[in-house]
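S.K.: Sequence:
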Amino acid sequence: MFASLRVVKQCTAARRPSSLHSPCFSVFVNNGVGIFAPSPTTSSTTRSYVSRAHAQPKPTFPVDEAVRMVLDGVKERIVKRQEHWDRNREKRISRGENVDTDFDESVELAVNLNLDPRKPGQSLRGNMALPHGNGKSFNVMVFTEDEDTAKASLEAGAVHAGGEELVEQILKGENFNLKDVDRAVAEQSMMPHITSKLARVLGPRGLMPNVKVGTLVSQANEIQGALDKQLEGEVLFRTDQGGIVHLGIGKGSFDYFQIMENIKVAMETLQDLKPEKYGRGVKKPTANARYILRVYLTATQQKGAYKLDLPTVNPVNINFMGSFKRELAAKQREEEEAEEKSDAAA
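For reference, each letter of the sequence shown is one residue, going 1 to 346 in this note's numbering.
The hints are simulated quantities; they were obtained by calculation from the structure and are not laboratory data.
Just so you know, these numbers come straight off a predicted model, no measurement behind them.
Watch out, some of these pointers could steer you wrong.
Pairs of lysine-lysine, DSS-like flavour, derived with a Cα cap of 30 Å [as the list claims (entries may be wrong)]: (1) Lys151 with Lys179; (2) Lys341 with Lys80; (3) Lys75 with Lys277.
Distance ranges between label pairs, derived from CB positions [said to hold, decoys possible]: (4) Trp85 with Pro59: 32 to 40 Å; (5) Arg81 with Ser218: 45 to 53 Å; (6) Gln332 with Arg238: 53 to 61 Å; (7) Lys229 with Lys151: 13 to 21 Å; (8) Arg81 with Phe138: 21 to 29 Å.
Beta carbons: idealized from backbone N, C-alpha and C, even for Gly.
Whenever a hint applies, use it, and build me the whole structure from the sequences.
M.R.: Here it is, written out as structure tokens:
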């Protein structure tokens with residue numbers, strides 16, 4: 001009876017591409033009568049796709065492990081870029097192309113906070129000084145009425161410094177290009193001139209001096225301190241519409257301890273700035289509401305980002321920074337022993 005059976009394998013997904021959840025089936029044809037049976041080789045566990053309704057959870061990594069993986073990835077990409085540029089190097093030089101492969105990637109931290117910036121008091125904005133900086137240098141201009149302060153600022157590294165004459169120079173565009181300026185520092189007495197004449201010019205570029213980010217000081221004698229902080233690469237941050245803070249916490253050329261110390265200071269700073277009332281979609285926050293929801297670590301040319309294990313990046317957790325504290329203590333002991341040996345040898 002079954003010797004004359006022939007199997008015709010069909011799949012509803014092949015007939016109807018939109019029906020992705022329809023399983024394949026086999027049709028046993030016997031004397032013109034079709035007998036339908038599910039295909040034993042098809043199951044929901046062997047699907048080659050992942051639906052958004054059944055998304056797989058993203059794995060999390062301790063912060064120390066994630067930092068090592070990011071730095072290892074940066075080193076691997078440096079080697080690959082060098083190999084890529086070494087191919088046909090002579091042809092690239094003959095065409096006048098740049099053969100410099102010295103590209104230092106930035107390491108970025110994205111912190112998703114339980115904040116709603118639309119509500120009063122929940123929009124964070126400020127500045128933080130990282131112990132090792134973020135590896136970037138900035139061009140800073142200074143607005144001050146004091147001529148001595150202006151001269152001292154130019155000697156300290158400011159690209160432009162002055163009072164009302166600098167404002168007029170920016171308006172006329174004479175020997176001045178705002179694209180070459182990254183930040184602006186000003187004293188309070190200059191704000192009426194800046195607000196009335198330069199607000200529409202500096203505002204869209206993010207160059208308006210502000211007290212919250214440390215670029216607006218009350219007196220001229222405080223200009224030098226604010227200028228030094230901006231030249232050293234002080235990190236400015238603010239929450240976006242989703243309550244996410246993006247922080248550049250170093251470069252790929254930084255070592256493991258430098259990145260970890262910067263992350264430690266950054267997370268402690270955000271924790272200290274936690275508002276009294278916070279939360280999304282609730283009028284009154286509960287006592288168990290989480291402040292830090294998710295944290296991701298990535299680099300400039302890295303594919304995707306590593307999701308960090310929250311206890312290792314939450315300053316109020318006992319597992320904050322993971323094993324970094326022990327590693328840092330061991331490193332400090334080694335440095336002290338090395339100094340003692342060098343002193344004894346001298």
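S.K.: To test your reading of the hints: which numbers does this structure violate?
M.R.: 2, 3, 6
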